[in-house]
Amino acid sequence: MFSFIVRRIFSSIPTMLILILISFALMRFAPGSPFSTERGLPPEVLANLEAKYGLNLPWFEQLFTYIKNILFHFDFGPSFKYKDISVNEILAQGFPVTLTYGLWSFVVAVTVGIPLGIIAAIRHNTALDYAAVGITIGAQVLPNFVMAPILVIIFSLWLEWLPGGGWNGGQWQYVILPVIALSTSYMASIARIARSSMLEVLHSNFIRTAKAKGLPMRNIILRHALKPALLPVVTYLGPAFVGMITGSVVIDMYFSTGGMGQFFVDAALSRDYSLLMGVTILFGVMTILFNAVVDIAYAWLDPKIRL
Amino acid sequence: MTDLIKPIFSVDDLKITFSTQDGDVEAVKGVNFHINPGECVGIVGESGSGKSQTFMAAMGLLADNGTATGQINFQDHNLLELSTAQLNHVRGKNMSMIFQDPLTSLTPHMTILQQMREVVKLHMQMSQKDTDAMCRQWIDRVRIAEAERRLNQYPHELSGGMRQRVMIAMSMLCDPSLLIADEPTTALDVTVQAEILDLMDELKREKGTAIALITHDMGVVARMCDRIHVMRHGQYVEEGGVEDIFYNPQHAYTKMLLDSMPRIDNPDKTSHHKLKPIDQQTSAENFLEVDDVKVHFDIKINGGLWPKTVPLKAVDGVSFKLRPGETLGIVGESGCGKSTLARAVLQLIPPTDGTVTWLGKPLNGLSRAQLKDKRKDLQIVFQDPLASLDPRMTISDSIREPLVTFASHMSRKEMQEQVLQMMDKVGLERNMINRYPHELSGGQNQRVGIARAMIMKPKLVICDEAVSALDVSVQAQIIELLMDLQEEFKLSLLFISHDLAVVREVSHRIMVLYLGRVVEMAESKDIYANPMHPYTKQLISAVPVPDPKIERARKSIKIPGELPSPMDPTAKLKFMPSKLRAGETNYIPKLIEHNPGHFVAEHDSLTDLQATG
Chain S
234 MFSFIVRRIF SSIPTMLILI LISFALMRFA PGSPFSTERG LPPEVLANLE AKYGLNLPWF
294 EQLFTYIKNI LFHFDFGPSF KYKDISVNEI LAQGFPVTLT YGLWSFVVAV TVGIPLGIIA
354 AIRHNTALDY AAVGITIGAQ VLPNFVMAPI LVIIFSLWLE WLPGGGWNGG QWQYVILPVI
414 ALSTSYMASI ARIARSSMLE VLHSNFIRTA KAKGLPMRNI ILRHALKPAL LPVVTYLGPA
474 FVGMITGSVV IDMYFSTGGM GQFFVDAALS RDYSLLMGVT ILFGVMTILF NAVVDIAYAW
534 LDPKIRL
Chain Y
26 MTDLIKPIFS VDDLKITFST QDGDVEAVKG VNFHINPGEC VGIVGESGSG KSQTFMAAMG
86 LLADNGTATG QINFQDHNLL ELSTAQLNHV RGKNMSMIFQ DPLTSLTPHM TILQQMREVV
146 KLHMQMSQKD TDAMCRQWID RVRIAEAERR LNQYPHELSG GMRQRVMIAM SMLCDPSLLI
206 ADEPTTALDV TVQAEILDLM DELKREKGTA IALITHDMGV VARMCDRIHV MRHGQYVEEG
266 GVEDIFYNPQ HAYTKMLLDS MPRIDNPDKT SHHKLKPIDQ QTSAENFLEV DDVKVHFDIK
326 INGGLWPKTV PLKAVDGVSF KLRPGETLGI VGESGCGKST LARAVLQLIP PTDGTVTWLG
386 KPLNGLSRAQ LKDKRKDLQI VFQDPLASLD PRMTISDSIR EPLVTFASHM SRKEMQEQVL
446 QMMDKVGLER NMINRYPHEL SGGQNQRVGI ARAMIMKPKL VICDEAVSAL DVSVQAQIIE
506 LLMDLQEEFK LSLLFISHDL AVVREVSHRI MVLYLGRVVE MAESKDIYAN PMHPYTKQLI
566 SAVPVPDPKI ERARKSIKIP GELPSPMDPT AKLKFMPSKL RAGETNYIPK LIEHNPGHFV
626 AEHDSLTDLQ ATG
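Those protein sequences? They're chains S and Y, same order as listed.
Residue numbers for the first sequence follow our numbering, so the first one is 234 and each next one is one higher.
Residue numbers for the second sequence follow our numbering, so the first one is 26 and each next one is one higher.
Check before you lean on any hint, since a few could be wrong.
[Claimed, not checked] Pairs of lysine-lysine residues, derived as DSBU-like cross-links and limited to a Cα-Cα distance of at most 30 Å, are as follows:
hint, chain 1, residue 1, chain 2, residue 2
1, S, 460, Y, 146
2, Y, 118, Y, 40
3, S, 537, Y, 386
4, Y, 154, S, 537
5, S, 537, Y, 40
6, Y, 325, S, 460
7, S, 460, Y, 40
[Claimed, not checked] Counterexamples of contact, computed for chain S against chain Y with all Cβ distances above 12 Å:
hint, residue
8, 273
9, 385
10, 437
11, 438
12, 439
13, 459
14, 472
[Stated by the list, open to error] Which residues of chain Y face chain S? A few of them, derived with a C-beta cut under 10 Å, are:
hint, residue
15, 81
16, 91
17, 92
18, 121
19, 129
20, 134
21, 180
22, 196
23, 202
24, 205
25, 509
26, 510
Just so you know, these hints were derived from the structure itself, not from any lab.
Ideal placement from N, C-alpha and C gives every residue a C-beta, glycine not left out.
Same shape as in the complex, but just chain S (with noise of 0.2 Å):
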């Protein structure tokens, strides 16, 4: 275990070293600068303020400049569009709003999706089943662009339960809309991979055998079936659970939650390169810690994977 995370750390550098050359170098290939603007600036102004931010500098300067400055001051530049503000502010004002709602989402989309799949398997081709199956492929393809206006035509308008958009320093009436927004569809790909998977183990000979040893099926399915049938939802899981906690632009936009999505489009639009690579960076890492995290769960649901 122990030498399976000194590895990952160590395997991880590659990763994140080629991450952050790619980024880079697709930004400086795209058209236009942070300073393009519709009249154009005068080439004195723009000259000055190309040396402001380094960029006169040649590109591999800036890219060693950039690396050097997040390994030994943890810090990532300032923002070349908002004005007098770090790439570390924007990142530490709006981490913790995405991470709040992503986290309940995907609690939401965890506690709701695996036992709907589990129950819709265990009673498979019944009325429950049918509704299960239903209700999932609605959920899925249901974009969330069209489910947060309905929520709030609902919520906010006609019943005027909870309040259609801000933030409020994540005050739970604030919440809940954005959850249920950015949870259903995961939600309903967590129900059907745990249907699928759980229709698999219940045929498989080990279950069989549980049978046959005259377990009941309360039994045989918390002590033999869930495991193994939790494996794929597990994959799923990872890559899930980081697209949750680094947020969506539709419910930033929507919800007007201040969150990361917003600004990592704001970044890529206006070619705010130092806030770019930031946000990059922050979902680089995070998948990458994810995937070691369902790496060691893979190993606790499965004895013959050892780490």
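Go by the hints and put chain Y onto chain S.
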């Protein structure tokens, strides 16, 4: 006599129907039978005969689309009328079952002890300490060494044979009065099979447990059973005492079953077709020569900060020559490297070391294009006929494919004509030409595989367990077909199989492999009449003979100890522990020619091996 004993298990007019998309299929069509306390009843039949379904119904394990009518009486209950909750008080306790595939029949994420404990907890009142003690006793009882350590291991850490022993131990925990064994040894090697059968026989005698043995293997039946029911198409065609069935079969199907069974003690009995002696004039030179071929795979070993790789020596220095028109049988148990050797000969896996010479020219080191040229003469037939054909190609497309590759100058019509001729030769109806593999039976698919291999009139065909997945009656037909084709095309064959009786029937010479090394190689008749290596002796003694008197009088030779891991560098000295004791761990046993053409690897004597184990 039987009226006095009350049967513990009786089946009355049992019918089992499966509703499928193509309508209802009647798998069992009204069978009656009973099992008396302490007797072993064999249910014999080929695949699809419905022999397992009777007992699946009794255990409440029928598939969801299956319904059973009639009566299955066990201890004064009609099992078919019990609810699942009521049935749970019977199954696993008074009546238990072991299955064909021991590798997948245990829950992978629970330790052996956890899985055994569960049964005791469910059916008996017993303290945790007593439970654990009883589980350990049973693990000892089924002769698994180091019970304490094994109990805390997971199934994947145990070999197939050990897992089947665990299954037996687990099903015996509550002292059932009936043990149902559904093809318990079919997936196991012969030496392991012999041990498992001995164990079941011992339990039957000591505990008085009745056994229902479901199998396709007449040899197993001859060894184990008191009474036999022969089943075909969901009905019993014949039933009776074991000696009646074997020595005085009445029904044509029973006779056919017995006749198709290859006999290791008497190879000429079944083969309606005698193996033709090879022409001694044809020189051995310049045909196929395999010299010191090695195939090593790098296996990643976890542990430590960085994973290491250790070579797994799947084939470790095998040499042989093959003459035109000759069949060389290659036998050995699972993991001995026989399939890897076949693939290395054909360069499907590049050998790590050694040379393969074909018609005087080396095959290794050739480019892909050069190799493709040679493949016309070098063909292979695989084990699983259905899985080795492309499911999206009609069988005629599959058979034609080599022509398209090697004889592209032919017109489509000529090719079609050749395909049809080939189909005639392998016994496929011409009207099947547009069928897909899933529409054919296993035997028919294997004929397609053979037709595909033979259509270019190759000089060498490798049969890699080509008949192992087939029912005995089909197996006999395919073997006959292969021998006909051999005669017609002057083929050489490398016949790979784990089944010694089959190999004996078809081979001129036989090579016995053990963990990637040759332990014995000789003329077919010599090796069976006078096996010299202890491993060969053990293998031959473990094959059951379908004749109850002979089979029960035979004593199988046991060599103590488990099969060593092929990654263990001392594994090659398994039959020469004297060298290990002398500290010569790197010693490689040499092949010595005892009689002309009879090569035997150096080894300690059998009595020494049995004494030291």
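>> Hint by hint, where does the structure go against what was stated? Just the numbers, ascending.
In response: Result: hints 3, 5, 7, 10, 11, 12, 13, 16, 17, 23, 25, 26 break, sorted rising.
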